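Q: So the sequences go chain by chain: A and B. Start counting the first sequence at 1; every next residue gets the next number (our numbering). Start counting the second sequence at 1; every next residue gets the next number (our numbering).
The set of hints was computed from the structure by calculation and includes no laboratory data. Computed from a prediction, not measured in an experiment: that's the story for all the values here. We put the CB at the ideal spot given by N, CA and C, even for glycine. Not one of these hints is a red herring.
Pair by pair, the computed Cβ-Cβ distance ranges are:
hint, chain 1, residue 1, chain 2, residue 2, range
1, A, 54, B, 111, 32 to 40 Å
2, B, 127, A, 125, 50 to 58 Å
3, A, 90, B, 111, 37 to 45 Å
4, B, 97, A, 36, 22 to 30 Å
5, B, 85, A, 97, 44 to 52 Å
6, B, 162, A, 112, 31 to 39 Å
7, A, 111, B, 162, 29 to 37 Å
8, A, 31, B, 40, 40 to 48 Å
9, A, 110, B, 99, 40 to 48 Å
10, B, 99, A, 67, 30 to 38 Å
11, A, 88, B, 57, 47 to 55 Å
12, A, 111, B, 119, 41 to 49 Å
13, B, 33, A, 85, 53 to 61 Å
EDC-like cross-link-like pairs, simulated, lysine to aspartate or glutamate; straight-line CA separation at most 16 Å:
hint, chain 1, residue 1, chain 2, residue 2
14, A, 49, A, 29
15, A, 52, A, 29
16, A, 49, A, 60
17, A, 38, B, 160
18, A, 75, B, 113
19, B, 167, A, 34
20, B, 140, B, 113
21, A, 38, B, 113
22, B, 140, A, 72
23, A, 39, B, 160
24, B, 126, B, 153
25, B, 99, B, 68
26, B, 140, A, 37
27, B, 140, B, 117
28, A, 111, A, 140
29, A, 75, B, 139
30, A, 61, B, 160
31, A, 38, B, 153
32, A, 45, B, 148
33, B, 33, B, 65
34, B, 140, A, 36
35, A, 45, A, 60
36, A, 61, A, 103
37, B, 92, B, 68
38, B, 169, A, 72
39, B, 91, B, 59
40, A, 39, B, 153
For reference, the chains in residue letters:
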Amino acid sequence: MKLNKIFIALFLILISTTIYAEENYLNIDATHFEADEKKNLMYFKGNVKMTKNKDILNCDKLYINTKPSLSDPTKQEPKDYKAVGNVSFVLYTVDNVLRGKGDTVLYFPEKQKYIIIGNGYLEDEKDGKRITANKIYIDEKTGHTKIDGQKDKPIKFRLKLNNTENEKK
Amino acid sequence: MGITKFIYLLLIIAIGFLFYKQENDVKIINSEKKPLLVFENSIAYDISQKGVTKVVEFEKTLVFDNYEKSFDATIVSRDDKNSTTNILSAKKMIKRGDKLSLAGNVHLLNDEDFNLETEELQYNLKTQIAQNSTNFRLEKGDGVLNGENLYLDATNNNIEASRTHFKIKLKDLDETK
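With the rest of the complex left out, here is chain A (with noise of 0.2 Å):
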């Protein structure tokens, strides 16, 4: 029995470590890859899907700056994303679920901090809340959004209202 439970704790101590390590991973696929180091940049084109732990971002062009790692300066890590051309992303943050889409998205990962620019659309399936706007600024750690609009291009917001339809009645 004590053997048992030895073998069930190293199992667990196992798979939460496997589970651990693919979570500091991102995963990038595409039909093309081009990278220049001397410009600190790298290019994805084509069916690009781009995933970490459950988020997935597709789009049709991926350009990624980097940087020199903090820790290993002769390491290059992510500085910045710019999605192109049909983006669409659903991001899980720690209490809410975001689906987005939009012409461009750029992201900012020390900032944690994404924009959408161009047929900005954003979809919030906590609170329900829809928006439709030229420009929308997401900051991942406080949870506030920002909305620009266009003057041929107002923004739209929605809210679902059936929790406090329910609550009236």
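Based on the hints, put chain B in the right spot on chain A.
A: Same frame as chain A, now just chain B:
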């Protein structure tokens, strides 16, 4: 009587030829010329005024007029311009001038900067450009690139490939958050 015997003899010979199995021997014509030199289990050194610039270790090398064919070979070369060391190994290597055609378990290690694994590779010792048309695995820093049709310019640090899967460790990135 003599004529009859002669005719019978001809008949027997003709029947004999009918049942004679001619061996269909096809001689393989070896287009490859004989090597000028053959080295086995050897190590060759390139020595300049600055010291040893290249070490080539191989199980067998055949030296022909305008090319060399090596088996189970490893080349360790030092680039003074970039002060980097390249380690190149393969089951089979054909060297024509600066151009190398490598096949079977090909490894290219560039001074711990990148590590390339593939089954087929064209490599230029002078320009340090590596190209292939098969699957490859390239480790660089914390990233791993798998794909096909690699173009790698080790001097200018340019990489191109198709049907790629790129994986990078984000440990440092998470620490900064």
